[in-house]
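**Student:** Chains as they are written, first to last, in the numbering used here: chain A, 1 to 445; chain B, 1 to 402.
It should be emphasised that the hints constitute simulated quantities derived from the structure, not laboratory data. Only a predicted model underlies this, so the values are computations on that prediction, with no experimental measurement involved. By construction, the Cβ of each residue, glycine as well, lies at the ideal position given by its N, Cα and C atoms. Certain hints may be false.
[Claimed, not checked] Below, in silico cross-link-like pairs of lysine-lysine (DSSO-like), each with a Cα-Cα straight-line distance of 30 Å or less:
1. A:Lys96 / A:Lys121
2. A:Lys376 / B:Lys192
3. A:Lys243 / A:Lys140
4. B:Lys366 / A:Lys347
5. A:Lys294 / B:Lys206
6. B:Lys366 / A:Lys193
7. B:Lys194 / A:Lys378
8. A:Lys416 / B:Lys172
9. B:Lys83 / B:Lys347
10. A:Lys121 / A:Lys135
11. A:Lys243 / A:Lys294
12. A:Lys354 / B:Lys195
13. B:Lys194 / A:Lys373
14. B:Lys194 / A:Lys416
15. A:Lys376 / B:Lys195
16. B:Lys195 / A:Lys416
17. A:Lys373 / B:Lys192
18. B:Lys202 / A:Lys354
19. A:Lys17 / B:Lys206
[Unchecked claim] Some but not every residue of chain B turned toward chain A, in silico, with C-beta under 7 Å:
20. Ser120
21. Leu188
22. Ser218
Next come the chains, spelled out residue by residue.
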Amino acid sequence: MSDINPQTAWQPFEPSKQQPWTTQRAAHLLRRCGFGGTIAEISQAKNAGPTKSVAQLFQSTDDSKIEKEMLQAGRLVTGGVDSNALASWWLLRMIKTPSPFLEKMTLFWHGHFATGGEKVKDSRAMFRQNQLLRKYALAKFEPFVKNISRDVAMLIYLDSEENRKTRPNENYARELMELFCLGVGNYTETDIKEVARCFTGCEIRKNAFAFNEYQHDNKMKTVFGETGNFDSTAAIEIVLKQKAAPLFIAKKLIRYFVFDDQPISNQLAQPIADSLRKNHFEIGPAVRQILSSKLFYSEHSIGKKIKSPVELAIGFLRFFEASTNINQLSQQLVSLGQLPLYPPNVKGWPGGRKWINASTILARANLIAGILKNPKTKYRDGNLEEWVQSHSQFQSDSLQWAEDYLFAVPLSAETKSAFQQTNPSNREPERILSWLSALPEFQLC
Amino acid sequence: MNNRRNFLKQSLAGSAVISLSGAVPDFLLGTSRKIVKKNDDKILVVVQMSGGNDGLNTVVPYGDDEYYRNRFTLAIGKSNVLKVNDHIGFHPGLTGFDRLMNERKMSIVQGVGYPNPNRSHFESMDLWHTAHQTSSDGWLGRSVETSLASENLPAIHFGSGLQPLALKTSNKPVPSIRSIDNFRLNVLRDEKVKKQLAAVIKAPRKTDNALLGYVHESATVALETSLRLQDFGDKQNGEFKYPQSNLGKNLSTIAQLIESGLSTRIYYTTLDGFDTHSNQGESHRSLLSDLGNSVEAFMKQIEAQGNLDRVVLFSFSEFGRRVRENASRGTDHGTAAPVFLFGSKLKQPVVGEHPSLQDLEQGDLKFQIDYRSVYCDLLTNWMEIDPRPVVGKNFQTPGLFD
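From just these sequences and the hints, can you work out the full model?
**Tutor:** In structure tokens:
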């Protein structure tokens, strides 16, 4: 495999004889920018080509019907202390939405501005935050950070709801710089103490953000060498002016979309950081550049991520246009290590190899087998046998079919021959699919 | 004295063999015999307190007025402290620790930390996990690979979610297990097809995709470990009063696996929630009482098994908290804090001096004992593992063991 060249990595991918636009590449795009396509969607992307397929992601689709339904459903499931029902609500939205890209971005920001329902203990606040993440998912980062800093769920989660001038609480100031904007090593302990002073006076009153001027430290602060009587808004602006900020976000986006294992040097991330800077820290254009790039469609990227548990489950269901018992699904996701709205801590889900351990690898296979076994699972309103009957390629060669559409990496000859030895019968699609989805290859994306 | 223990071992070893000897091929039987061999090797159980435990409110320096000046709302009153000596005592939630201390089954190691403290949870935890080494594996992972590689199942992590970096190896991954009952491949009804599938999952891959290699290796370890543990199950023992908590459940399972004679040398589990920036009082109390009661029940069970002389439990956190409390009745990230050891071979109840509450560095305690010297002591004098490849060099040990 050739080394990654940072000079050319982000140039637009143009199909050529050596690097044609294949079903495999179309399926790759749909797996990464959403939760994987249906066969029809993959074929459509294959016919449309990369430029058009990516452009489509950024066109607004008419979501108004589902938006309205989801809003109503969201109100119905919230109000209580725990956010489990809301997590199911979100999974349902991921399955049903005509804009999976938007949900994928929302999930990215949920991991970035990680907030956990077990501490917030207010599902309505979690719901509002979820809507906020969606609203700003592809928008400008600065207003996003300002809004998230006043978000009730976040205020509770990082103890910012009661920040008094006498002895400021440092939790939010630290995570703002360490995890949200700059990354470790790009600020000092003094910066943390000073930014914490800027954030004094933040409170929650009547379930909303409130500024208590009597608790705000009205003296001069020095943040990153700038001195003034700064408040939280000014502090965020100074933090985001730092060179490290766009680079930090660029690296995180690259990690999310491109590959798990490769190190991301400053040099490699700089063009994406420049694109953020040039576009006033707007997220959409940077993501578009990533999804259109040579690197994204190269062997460095295809099959070089591990599916997150949500990607695994939602991807499987979307592929078969399936619906299943969603509460059961969300509880099973706990044993795979990712229940939305319950990240492990403020750093979110680390992803990559950390998704996989002895427990989760078994739980993954069991989860898919469980969906397949469940009589409540419906495949485009019918059963699985009916579904496969309408897909002639599955009938003729289920293995080739699976390699084309379901797997991001090829299966070895040994695996294929072992599969044939099990005497797979097209009459038993459940058996075939639970067999295939238990393979290590199925975990890759 | 050891009759009960030997009896249990023999009967468990026997039952494992009997239940496997029917339909199971010989090669499996061989491994299962090996993992329930009679065993006197030393065992280390690690309980990680995640989030940064407030050391000052865990082992309270009640003899120091400076403590009361800094902890205006959170201080534990002199009369409530469970006294260890004239200067320090336990948080009242730690009755479990208090009893173990009275039975001389625990050591407090004071002021443990490292130079140039990092106050980020993740960075500081990574330092503890890697022992300040630049390689990407953990200190226990390295111990496994350098000294315990010949064991069948050298280490197990019990818990949900992420595996601690401390256990990361470069080659064969350490298994993480949520619960033994759910730890099996529950796919396909036909046992023959299921066996074929397991064989295919385990079959070596010719691939240059390192990620696939890693998933494949993890799946192989999972299937092998699952087969080995299938006979044990999650049998909770009501005789020992474990709290109804994840920690209680995990420690109870670990005690049971130790009793069964499993050759595993390192067990690891976690108690999360110590990041107490606001309204610390009640949440800290419930965490400590979970910790104290779980550890006490565990030590009682280990003792009843006759395994007290071969098990040490070690508990630590990534950092302590700032001396002065904040305005939200909580504490922010700090530095040095005590660590705890439990067992019958410990030399002293209290190791080292409590760090000064006046001679501070940026409002934080100065560490007295480098955590790597604690690791060295555990490795050298307990596990009998060469510490040099694990922590880089030989640190002078604080003399934890008899």
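**Student:** Each hint should be assessed against the structure and marked as holding or not.
**Tutor:** Cross-check of the supplied hints:
{"no.": "1", "hint": "A:Lys96 / A:Lys121", "in the structure": "27 Å, holds"}
{"no.": "2", "hint": "A:Lys376 / B:Lys192", "in the structure": "27 Å, holds"}
{"no.": "3", "hint": "A:Lys243 / A:Lys140", "in the structure": "17 Å, holds"}
{"no.": "4", "hint": "B:Lys366 / A:Lys347", "in the structure": "27 Å, holds"}
{"no.": "5", "hint": "A:Lys294 / B:Lys206", "in the structure": "26 Å, holds"}
{"no.": "6", "hint": "B:Lys366 / A:Lys193", "in the structure": "19 Å, holds"}
{"no.": "7", "hint": "B:Lys194 / A:Lys378", "in the structure": "25 Å, holds"}
{"no.": "8", "hint": "A:Lys416 / B:Lys172", "in the structure": "26 Å, holds"}
{"no.": "9", "hint": "B:Lys83 / B:Lys347", "in the structure": "19 Å, holds"}
{"no.": "10", "hint": "A:Lys121 / A:Lys135", "in the structure": "23 Å, holds"}
{"no.": "11", "hint": "A:Lys243 / A:Lys294", "in the structure": "26 Å, holds"}
{"no.": "12", "hint": "A:Lys354 / B:Lys195", "in the structure": "27 Å, holds"}
{"no.": "13", "hint": "B:Lys194 / A:Lys373", "in the structure": "15 Å, holds"}
{"no.": "14", "hint": "B:Lys194 / A:Lys416", "in the structure": "16 Å, holds"}
{"no.": "15", "hint": "A:Lys376 / B:Lys195", "in the structure": "28 Å, holds"}
{"no.": "16", "hint": "B:Lys195 / A:Lys416", "in the structure": "16 Å, holds"}
{"no.": "17", "hint": "A:Lys373 / B:Lys192", "in the structure": "18 Å, holds"}
{"no.": "18", "hint": "B:Lys202 / A:Lys354", "in the structure": "20 Å, holds"}
{"no.": "19", "hint": "A:Lys17 / B:Lys206", "in the structure": "27 Å, holds"}
{"no.": "20", "hint": "Ser120", "in the structure": "6 Å, holds"}
{"no.": "21", "hint": "Leu188", "in the structure": "6 Å, holds"}
{"no.": "22", "hint": "Ser218", "in the structure": "5 Å, holds"}
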